[in-house]
Amino acid sequence: MLRVFPCFTTLNELGNAKRMMIPFGQIQYRRGRTPMPRQLVNLLLMLAYGLAFWLTLGLAAHWGGKGFYSVWFPAAGLRLALLWHAGPRFTPAIAAVEILVNLAMGRFSITSPDLAMTLWGILRPVLAYGGVVALIRWLSSGRRAGVMAPPMPFSLAAVAAPGIAAFSALPEALLRPDRTAVESIQDVMISLTAFAVGDLLGVLIVAPPLLWVAETMSQRRIGMIAALRECAIRGSATLEVALLLAGGIATTWLLNRIGLGSQPMPLILAVAWVGLRFGRFPVWMALTIVSILVLPETAGAFSTTDRLHLHLDLATVVVVGYLAGSYCDAQKEARTDIERRDRLLFQAERLKTLRAMSVAVIHEISQPLSTLAIEAKHLHQITGGADDEIMRSAALVDRKAATLSNLVRRLRRFGGAAVDEPSALPVSALIESVAAIAAPEARDQGASLKLGPIDPDLVVFAQEVELTQALMNLLRNAIHAASDGNVELSGEKEEEMVRIMVTNRVGPSHRAKAGMGVGSLVAQAIVEAHGGHLEKAKVQDGVAHASIILPLAGDNA
Amino acid sequence: MSINDRKVYVVDDDADLGAAVARLLGRHGFSAQSFLDPVQLLDIYAQAPAACIVTDVMMDDLDGFGFADRIRVMDPGAAIIFMTAWPTTANAVDSVRRHGGIDYLEKPLDEARLLAAVSEGVDWSGRRRQQLARTATLSPREREVFDLLVQGHSNKVIAGMLALSPKTVEDHRASIMSKTEANGLAQLIALASPD
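Protein chains in written order, with the numbering used here: chain A, 1 to 557; chain B, 1 to 195.
Hints are not guaranteed to be accurate.
Simulated coverage check for chain B against chain A, where a stretch passes if three residues somewhere in it have a Cβ under 8 angstroms from a Cβ of chain A [claimed, not checked]:
1. 6 to 19
2. 23 to 33
3. 83 to 92
No farther apart than 20 angstroms at their CA atoms in a straight line, the calculated lysine to aspartate or glutamate pairs in the DMTMM-like style are these [to be verified]:
4. B:7 <-> B:103
5. A:377 <-> B:16
6. A:400 <-> B:110
7. B:167 <-> B:144
8. A:538 <-> A:488
9. A:400 <-> B:111
10. A:377 <-> B:111
11. A:377 <-> B:110
Simulated restraints on C-beta separations [said to hold, decoys possible]:
12. A:351 <-> B:89: 14 to 24 angstroms
13. B:144 <-> A:429: 48 to 58 angstroms
14. A:141 <-> B:116: 51 to 61 angstroms
15. B:73 <-> A:422: 34 to 44 angstroms
16. A:351 <-> B:120: 34 to 44 angstroms
17. A:386 <-> B:15: 23 to 33 angstroms
18. A:356 <-> B:144: 49 to 59 angstroms
19. B:120 <-> A:485: 39 to 49 angstroms
20. A:422 <-> B:154: 45 to 55 angstroms
21. B:15 <-> A:392: 22 to 32 angstroms
22. B:144 <-> A:551: 49 to 59 angstroms
23. A:356 <-> B:116: 25 to 35 angstroms
24. A:386 <-> B:134: 43 to 53 angstroms
By construction, these hints were calculated from the structure, which means they are not laboratory data.
Just so it is clear, the structure is predicted and the values come from calculations on it, not from any experiment.
Positions of the beta carbon are idealized from the N, C-alpha and C atoms, including for glycine.
I would like the entire structure built from these sequences, with the hints used as guidance.
Spelled out as structure tokens, the structure:
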């Protein structure tokens, strides 16, 4: 239960804007409460999958037919949910489990002459699903993430995987029609359509709640529960959903009664409305209710074509409803994103004012401080032979004035020189000045700063003030997160780049602090403007590393 | 070196700071006096020139750079040091390149650097005054020839440029050499450059 999947936000988490910035598969903070060995977790996951797969496979048999794939295949939903949750690298394990379950159910025998073909038949859809998940994750990672705003990636995978899995069965169905006992091309097409429809229904009805549950468990967030509570509190919304759904069902039934056959249109309208207004969770509830009403009707003794016909209608309703819900959630995400940007903008304005103020204050202070430092030093010198008490006081005043002078000089460089052009900046100087600025804050937090190895020859071409700000933000996060109070700063060459790393130890109960997002966002923007990139804090064996990676300047590059 | 050769003026619109700097310099063997207003100093400067002037950059009526330019016109032999509470890279470069500053100091002042800069300024001023003294006795025509000589022109070219005969230029050149006590063209060029 280790990963964060930003594509699958639940209603109340839509406000959590930071998650939009995290590409897939990137582990941010592992918040696992238990140090249960990962192998054991994976084994349990696979056992649970095997059991659930076995149950759903038995269930699907009621909607199958001779030579036809089942038109209600919830096992596909399990498979996609697991792949999406655990990652495409689980594809081989899932394939093995499915083969074992099929064997245990007596669906094939290891002595069968067609063993290879049978195994391939079981493997093929698993590989197709794994491939689709891997592809969509790749598409929605890194720089491409911008065009794939959550919950788009999952929706895409949910719609694409069944289609691709069905399509992948086409060559075999054409070359070996005897294996599925269908003869004409028409039968092959019907069979594969049934495959796609069954998987589609299974995926869209079964996978979302599983992922919601998994997310709720892994992040100790109360996403699903909160969504349910929200539904309960917002009685009017629940009533609206119920009325729309009941209206759709009643109209469909009525149309059927007056001899127009089964018409999906009223239900499509109803679920599209629900989806567009309330998002994925309510629409999923509605779709589940519709499916529960339809599926028993079509199970068992029912002609295959009629069943396929009904399930095609059902699949249409489900896809439309789910896409409408996804669209609504994506809109909510976008709105939240805009709100977050507004807040950042506001913050930036305030910072600008604050900076102007602090520059003025620094100026005002530096005048009298100059006098004070000169006189204090003089006093210190002339009291050299005086009474011990006087001498010590004078020495103290001199030392404090000198410290204050240094501080003001450093602060001014930090706050006042924004007009300066980028220049060659030794990494060691940057790290030292940041360490000096952060020292008082570290002391307040009971943390100690340590400078790790820094190659003195490393030079970057940078706007010093901005880069100082970026590193400062990372350092500040580390100071607040450090469990044992030790924070280390280091700089090292890494091919043509330099890596400036902030390291701290985090406790097992480590959680991201509120407000941590803005600092790293600012840092990220600055570092990217310098042609580098930011690696946000990653935790490995209880140690968090956050890095700024910048191109080297000059001869070192 | 007489006491007057170590005369330093401090100009700052913060009276306390000006006085503190002047007293500091006084303790280190300079004859320092502080001024609140650069215009006041300009009024008396002709009568009492100094080896070095330490001036603030941001002041009310006349800023440090404008003040330095006016001092330069009156006295090319005075060293100027700028100090400021609003340091910028652009000003730091300008202070040295365009306004002939010896150094550009940031407030709060680094005492060691201030003292080093003032020492350097006083030394520079001494050398510069000697150079100026050696070329001060040149006649206007000799001055013209001198200026062209140190730019590297030959007698013949100078004669052409000033519409004189090469022989006359030759005479001026000999006179310049004797007045400045220079031993060859290299020393002449050294006299013409401020450093």
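For each hint, the structure was consulted:
no.	hint	result
1	6 to 19	holds (count 3)
2	23 to 33	holds (count 3)
3	83 to 92	holds (count 6)
4	B:7 <-> B:103	holds (18 angstroms)
5	A:377 <-> B:16	holds (15 angstroms)
6	A:400 <-> B:110	holds (14 angstroms)
7	B:167 <-> B:144	holds (16 angstroms)
8	A:538 <-> A:488	holds (15 angstroms)
9	A:400 <-> B:111	holds (15 angstroms)
10	A:377 <-> B:111	holds (9 angstroms)
11	A:377 <-> B:110	holds (11 angstroms)
12	A:351 <-> B:89: 14 to 24 angstroms	holds (22 angstroms)
13	B:144 <-> A:429: 48 to 58 angstroms	holds (51 angstroms)
14	A:141 <-> B:116: 51 to 61 angstroms	holds (57 angstroms)
15	B:73 <-> A:422: 34 to 44 angstroms	holds (37 angstroms)
16	A:351 <-> B:120: 34 to 44 angstroms	holds (41 angstroms)
17	A:386 <-> B:15: 23 to 33 angstroms	holds (28 angstroms)
18	A:356 <-> B:144: 49 to 59 angstroms	holds (53 angstroms)
19	B:120 <-> A:485: 39 to 49 angstroms	holds (47 angstroms)
20	A:422 <-> B:154: 45 to 55 angstroms	holds (47 angstroms)
21	B:15 <-> A:392: 22 to 32 angstroms	holds (30 angstroms)
22	B:144 <-> A:551: 49 to 59 angstroms	holds (55 angstroms)
23	A:356 <-> B:116: 25 to 35 angstroms	holds (34 angstroms)
24	A:386 <-> B:134: 43 to 53 angstroms	holds (50 angstroms)
When held up to the earlier numbered hints, the structure conflicts with none and fits them all.
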